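Using the sequences and the hints given, assemble the complete structure.
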Amino acid sequence: EHRAFGIPFPPLAERFDRLEEQLAIITGLWATPPGQTFSFTGRHYRLEANPAQVRPKQQPRPPVIVGGGGRPRTPRLAARFADEFNIAFAPLADCRAAFDRVRAACTAIDRDPATLRLSAALTVCCGATDQEAGRRAEAVGRTPADLAETGVGGRPAEVASPWPRGSPSVPTRST
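Under my numbering, the first residue of the sequence shown is numbered 1, with each subsequent residue one higher.
Keep in mind the hints are simulated off the structure, nothing from the lab. Worth double-checking, as some hints may not be accurate.
[Unchecked claim] Restraint ranges, calculated between C-beta atoms of paired labels, are given here:
#1 Ala-128 to Pro-51: 35 to 41 angstroms
#2 Thr-143 to Pro-56: 22 to 28 angstroms
#3 Pro-51 to Arg-135: 55 to 61 angstroms
#4 Ala-108 to Gln-58: 41 to 47 angstroms
#5 Ala-88 to Thr-143: 17 to 23 angstroms
#6 Ala-108 to Ala-13: 16 to 22 angstroms
As the structure is a prediction and not an experimental result, all values here were calculated from the model. No residue lacks a Cβ here, since even glycine has one placed at the ideal position from N, Cα and C.
Below is the structure:
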């Protein structure tokens, strides 16, 4: 996609550097009181005395969601900037490990880990029978075996059991 639209796609480390600066800029602008200015100097971006006049409708600001499975930097970015950390389409054990890394990153910067919402994006295919759940999985390009690894599939009781809502190590909401 980047090449198709002529958008640069730098190496991963630079993309993370840019993301960190972008998060610092947007959260800094949103936190700047009316009538004051915001300045930022980074390797990739520089703002000087920005009046921060564009205000989000949501107050004090929209929630910031940082997601991904990156081990060293993603948890640190989530701990520093995010209201919610999300991991997508990963096995339950990987979700728990990612949540543990994010909680540790919060603790490392003296942020209460309970102030960061944890969520997981999952493919869910539920049916009254295994065959119905299998048909639904196939309709979205998945198989029951895929769902056993990185999603949730099966009959209602099977779907609900591995992801108890409200547990400290799994998502707290569904949408």
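Which of the listed hints are broken here? 1, 2 and 4
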